[in-house]
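Asker: What follows is the residue order along each chain.
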Amino acid sequence: MNWIPAFVAIPLGAAFLIPLIEHWIKGSSDFLTNAVTAFLMGLTLSFIHQAAQTQVYFVGGWEPAEGIPFGIALVVDGLSVLMLLVVNSIAFFATLYSVKYMARYTDKGKFFTLFMLMLAGMNGVVIAGDLFNMFVFLEITAIASYALVAFGIGSEELEASFKYQVLGGTASALVLFGIAIFYMMTKTLNFADASRVIAATGVTPALLFVSVLFLVGFGLKSALMPFHAWLPDAHPSAPAPISAMLSGVVIKVLGVYTLVRIFFNVIGIGTIPALKTVLLSLGVISMVAGAFLALGQQDMKRLLAYSSISQVGYIIFAFGLGTELGILGGLFHLMNHSVLKSLLFLNSGAVVYETESRDMEKLGGLMHKMPVTGTTSMIASLSMSGLPPLGGFFSKLIIIWASIDAGYPLLGAVAVIASIVTLAYYFKLQKEVFLGKLADAFQKAKEAPVLMCIPMICLAIISVGLGLLLLDPVREMVLTPAVHVIQGGVDYARMVLGG
Amino acid sequence: MTVFILSVILFLIGLYGVLVKRNLIKIALGFMIMEYAINLLFVLIGYRAGGTAPIFTQDVSGQIFVDPLPQALVLTAIVIGLGTTALLVSFAVRIYQKYESFDIRKIRELRG
Amino acid sequence: MKGMTVIVKKISQLMVPSIFLLGLYVVVHGHLTPGGGFAGGVLLVGCFVLQILAYGSDEVRNDLKKWRASLSESIGIVLFLFIALLGLFQGGVFFYNTIARAHPGSALDLFSAGLIPLSNLAIGIEVAAALFAIFLTLAVFRMEKHT
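Residue numbers (this note's numbering), protein chains in the order written: chain A, 1 to 499; chain B, 1 to 112; chain C, 1 to 147.
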């Protein structure tokens with residue numbers, strides 16, 4: 001049996017079974033959600049060994065006729081496997097963490113329903129083989145995350161979510177507009193088929209218009225610098241496991257993955273010459289400005305949110321280089337950042353859980369009171385700011401190396417500067433929250449509950465181990481297939497449709 | 001071509017509403033106008049002059065059909081739009097309960 | 001929320017059965033005529049909304065209605081997934097239209113197209129329930145809080 005549709009069907013089914021079962025058996029949603037996410041993580045792990053080949057699944061048995069697809073195609077290739085791996089493993093740790101953390105909120109069943117919807121949407125975006133389904137799943141994810149950001153229904157949460165909805169909705173509208181023009185131009189929405197049509201017609205004004213619409217739409221979703229206004233409000237307002245999901249996974253799936261899939265595999269990065277320059281400049285602007293804005297924050301979660309903008313800038317910058325080394329660095333940094341940023345947000349959640357405060361001026365000296373949280377946060381900060389031999393160091397090194405290699409030594413130097421600023425603000429975070437003098441108000445603070453510590457410890461171990469991904473046998477299994485998919489560009493069409 | 005340009009103008013009117021208006025409900029309205037402009041554009045793209053409903057049976061041949069795919073996608077987009085609008089309006093109502101105002105200038109607490 | 005005048009009550013009482021019937025018709029004929037699960041579901045929920053608007057929500061228990069709405073919403077979706085799984089177990093592919101491939105039925109017949117009318121039914125239940133839940137949350141709940 002082929003398990004590809006299970007990535008969407010299982011969380012979707014769970015999302016609607018949870019309110020039913022929770023109504024009769026209180027507290028069953030904890031178990032059900034964790035079982036589902038654990039199962040999905042296991043399922044993804046079983047997909048790793050077949051990452052190198054492209055698997056296509058035609059829903060309803062509608063096979064393509066004469067090389068022209070007309071059904072819904074689900075495609076799992078190297079890039080999809082990598083994204084599925086990131087999404088489902090972070091989701092598992094986030095749900096494990098939520099069991100205890102969300103007990104302080106009312107209506108945990110609804111929370112898990114929305115969480116499962118978000119997960120189903122993200123898995124759907126990653127495996128969708130056409131723009132239609134990608135758009136639908138994108139919207140499912142987005143709507144679920146709007147609701148999750150406002151889950152606390154305080155005034156701040158509602159306001160942040162409203163802002164997020166207005167900007168996210170505008171982004172979706174622009175994407176839909178782009179899809180409309182795209183369909184007028186190519187008469188198809190299937191990625192593989194459309195890429196063949198575009199290769200035949202070449203660059204037209206309509207194609208340029210579509211590219212701009214997609215760039216702005218998905219740029220808004222991934223919070224690149226001119227379009228970032230919603231992120232520093234939305235991500236800190238959400239409950240901690242959701243902040244971890246939003247910063248760690250959602251912006252990468254809705255923004256980075258979609259950009260890469262459409263621009264590299266469908267349109268082809270070489271087709272429009274200006275595209276690389278645009279990606280490079282967007283990346284550099286977000287990288288630098290995000291880092292400097294993070295430096296000025298007093299709110300712990302806001303600092304992490306600005307840091308996300310900066311790190312996504314690194315990823316987009318690396319993809320913009322377009323060389324094999326750059327793409328490798330981008331993917332590797334994507335994985336690193338997902339793990340590290342989720343870990344840091346979970347840490348901040350533990351701090352908020354115990355002290356009810358996110359203000360870095362008031363906090364301090366929590367290292368002795370909360371050793372597990374402090375240590376894991378220290379590891380994540382060090383890795384993120386690029387201290388060897390942790391994973392974050394290698395990914396940044398590869399990106400900087402790749403930019404020099406591709407003939408942009410100046411931009412490489414900018415990346416180094418941004419990395420130094422990163423070190424500065426993570427140092428500030430550590431110093432003002434975990435080190436220094438313990439404030440009187442927090443004398444009673446203690447370590448977070450065990451169920452919250454376990455995911456943090458696991459993520460810390462993974463983040464240390466991520467450096468091993470660069471070793472040859474492991475790299476061949478996980479990173480190389482994904483690099484080949486992106487590097488292959490419009491060869492994607494041949495991989496999916498054959499011929 | 002004129003109808004395409006008109007629906008793009010409708011889209012821009014909606015965008016204007018979202019960006020300029022200060023009232024939460026008016027923002028939601030601008031949002032809906034934007035969505036429907038795109039839906040209209042999409043349906044128009046699938047239209048063929050003199051086309052009929054695309055139902056293939058044995059005794060139908062040689063007719064012009066309108067393109068069914070945009071219609072399917074637009075129906076889906078309308079459903080999605082319904083969900084987004086419902087969420088947006090319900091949040092506006094909750095914000096109103098907290099601040100007794102729909103004016104965005106009176107409720108702005110967040111920076112940047 | 002209070003009800004409206006006797007004229008409104010009477011007319012809505014007369015209207016509701018025909019609206020409900022039209023909704024059912026649109027849902028069941030989804031594979032033959034324009035409409036289908038979504039449009040029919042909207043029509044179906046229209047008669048509930050009309051009733052509540054006309055008679056007022058004073059006597060009906062809100063929490064109960066909301067729970068039933070979300071219950072039937074969940075059932076609708078689960079039914080839809082079940083239909084998809086039926087295809088998986090019978091034909092080996094998700095959403096495989098087993099019934100239509102075995103018994104195609106004649107074109108434009110009410111009993112044709114296999115699983116598609118069944119899916120329309122599931123979607124109709126889901127949409128009606130979801131819209132009813134939205135209506136209850138947005139309109140009735142809010143008005144009660146103020147009066």
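Rather than coming from a laboratory, the hints here were simulated on the basis of the structure.
Do not take every clue at face value.
[As the list claims (entries may be wrong)] List of simulated lysine-lysine pairs, BS3-like, C-alpha gap at most 30 Å:
no. : chain 1 : residue 1 : chain 2 : residue 2
1   : A       : K110      : A       : K100
2   : C       : K66       : B       : K98
3   : A       : K444      : A       : K163
4   : B       : K98       : A       : K362
5   : A       : K100      : A       : K362
6   : A       : K163      : B       : K26
7   : A       : K100      : C       : K66
8   : B       : K98       : A       : K100
9   : C       : K66       : A       : K110
10  : B       : K98       : A       : K110
11  : A       : K163      : A       : K110
12  : A       : K446      : A       : K369
13  : A       : K187      : A       : K276
14  : A       : K26       : C       : K10
15  : B       : K98       : B       : K26
16  : B       : K106      : A       : K163
17  : A       : K431      : A       : K362
18  : A       : K444      : B       : K106
19  : A       : K163      : B       : K21
20  : C       : K10       : A       : K163
21  : C       : K66       : A       : K108
22  : A       : K431      : A       : K108
23  : A       : K431      : A       : K100
24  : B       : K26       : C       : K10
[As the list claims (entries may be wrong)] Each pair of labels, with its calculated beta carbon distance range:
no. : chain 1 : residue 1 : chain 2 : residue 2 : range
25  : C       : G92       : B       : T76       : 33 to 39 Å
26  : A       : A274      : B       : T2        : 26 to 32 Å
27  : C       : V6        : A       : E356      : 39 to 45 Å
28  : A       : P389      : B       : L44       : 37 to 43 Å
29  : A       : A439      : B       : I25       : 39 to 45 Å
30  : A       : I420      : B       : T76       : 45 to 51 Å
All figures in this text were calculated on a predicted structure; none of them were measured in a lab.
Beta carbons: idealized from backbone N, C-alpha and C, even for Gly.
Asker: Please go over all the hints and tell whether each is borne out by the structure.
Answerer: Comparing the hints with the structure gives:
At most 30 Å may separate the alpha-carbon atoms for a hinted pair to count; K110 (chain A) and K100 (chain A) meet this at roughly 15 Å. Using a Cα cut-off of 30 Å, the hinted pair K66 (chain C) and K98 (chain B) holds, with the two alpha carbons roughly 23 Å apart. Taking the CA atoms of K444 (chain A) and K163 (chain A), the gap is near 36 Å; set against the 30 Å cutoff, the hint is violated. Restraint check for K98 (chain B) and K362 (chain A): satisfied, since their Cα atoms lie roughly 28 Å apart, inside the 30 Å limit.
As the CA atoms of K100 (chain A) and K362 (chain A) are separated by approximately 25 Å, the hinted pair is consistent with the 30 Å bound. Restraint check for K163 (chain A) and K26 (chain B): satisfied, since their Cα atoms lie roughly 14 Å apart, inside the 30 Å limit. Only pairs whose Cα atoms come within 30 Å are accepted, and K100 (chain A) paired with K66 (chain C) is accepted, the gap being roughly 28 Å. Of the supplied pair hints, the one linking K98 (chain B) and K100 (chain A) holds, its CA atoms being roughly 29 Å apart against a limit of 30 Å.
The straight-line distance between the Cα atoms of K66 (chain C) and K110 (chain A) is roughly 14 Å, inside the 30 Å bound, and the hint therefore holds. Proximity of K98 (chain B) to K110 (chain A) is assessed by CA-CA distance (about 22 Å); at most 30 Å being required, the pair is judged to hold. At most 30 Å may separate the alpha-carbon atoms for a hinted pair to count; K163 (chain A) and K110 (chain A) meet this at roughly 22 Å. Between K446 (chain A) and K369 (chain A) the alpha-carbon distance is near 5 Å, which keeps this suggested pair within the 30 Å criterion.
As the CA atoms of K187 (chain A) and K276 (chain A) are separated by approximately 26 Å, the hinted pair is consistent with the 30 Å bound. Distance hint between K26 (chain A) and K10 (chain C) is unfulfilled; the C-alpha atoms sit about 43 Å from each other, more than 30 Å. The straight-line distance between the Cα atoms of K98 (chain B) and K26 (chain B) is roughly 18 Å, inside the 30 Å bound, and the hint therefore holds. Straight-line distance between C-alpha atoms of K106 (chain B) and K163 (chain A) comes to about 15 Å, which keeps the hinted pair within the 30 Å bound.
A C-alpha spacing of about 12 Å is found between K431 (chain A) and K362 (chain A), which places the hinted pair at or below 30 Å, so the restraint holds. Under the criterion of a C-alpha separation no larger than 30 Å, the hint pairing K444 (chain A) with K106 (chain B) is inconsistent with the structure, at around 38 Å. Distance restraint check for K163 (chain A) and K21 (chain B): the Cα-Cα separation of roughly 13 Å lies within the 30 Å cut-off, and the hinted pair is therefore satisfied. For the suggested pair K10 (chain C) and K163 (chain A), the alpha carbons sit about 44 Å apart, so the restraint of at most 30 Å is broken.
Under the criterion of a C-alpha separation no larger than 30 Å, the hint pairing K66 (chain C) with K108 (chain A) is consistent with the structure, at around 17 Å. Simply put, K431 (chain A) and K108 (chain A) have alpha-carbon atoms about 34 Å apart, too far for the 30 Å limit, and the pair is violated. A C-alpha spacing of about 27 Å is found between K431 (chain A) and K100 (chain A), which places the hinted pair at or below 30 Å, so the restraint holds. Using a Cα cut-off of 30 Å, the hinted pair K26 (chain B) and K10 (chain C) is violated, with the two alpha carbons roughly 35 Å apart.
Checked against the hint of 33 to 39 Å, the pair G92 (chain C) and T76 (chain B) fails, with Cβ atoms roughly 26 Å apart. Against the hinted window of 26 to 32 Å, the Cβ-Cβ separation of A274 (chain A) and T2 (chain B) comes to about 31 Å, which satisfies the hint. Range check, V6 (chain C) to E356 (chain A): about 56 Å between beta-carbon atoms, so the 39 to 45 Å window is missed. Separated by about 58 Å at the C-beta atoms, P389 (chain A) and L44 (chain B) break the suggested range of 37 to 43 Å.
Distance hint for A439 (chain A) and I25 (chain B): a CB-CB separation of about 43 Å, consistent with the stated range 39 to 45 Å. Taking the beta carbon of each, I420 (chain A) and T76 (chain B) are about 47 Å apart, inside 45 to 51 Å as hinted.
In this structure, the hints that do not hold are numbers 3, 14, 18, 20, 22, 24, 25, 27, 28, in rising order.
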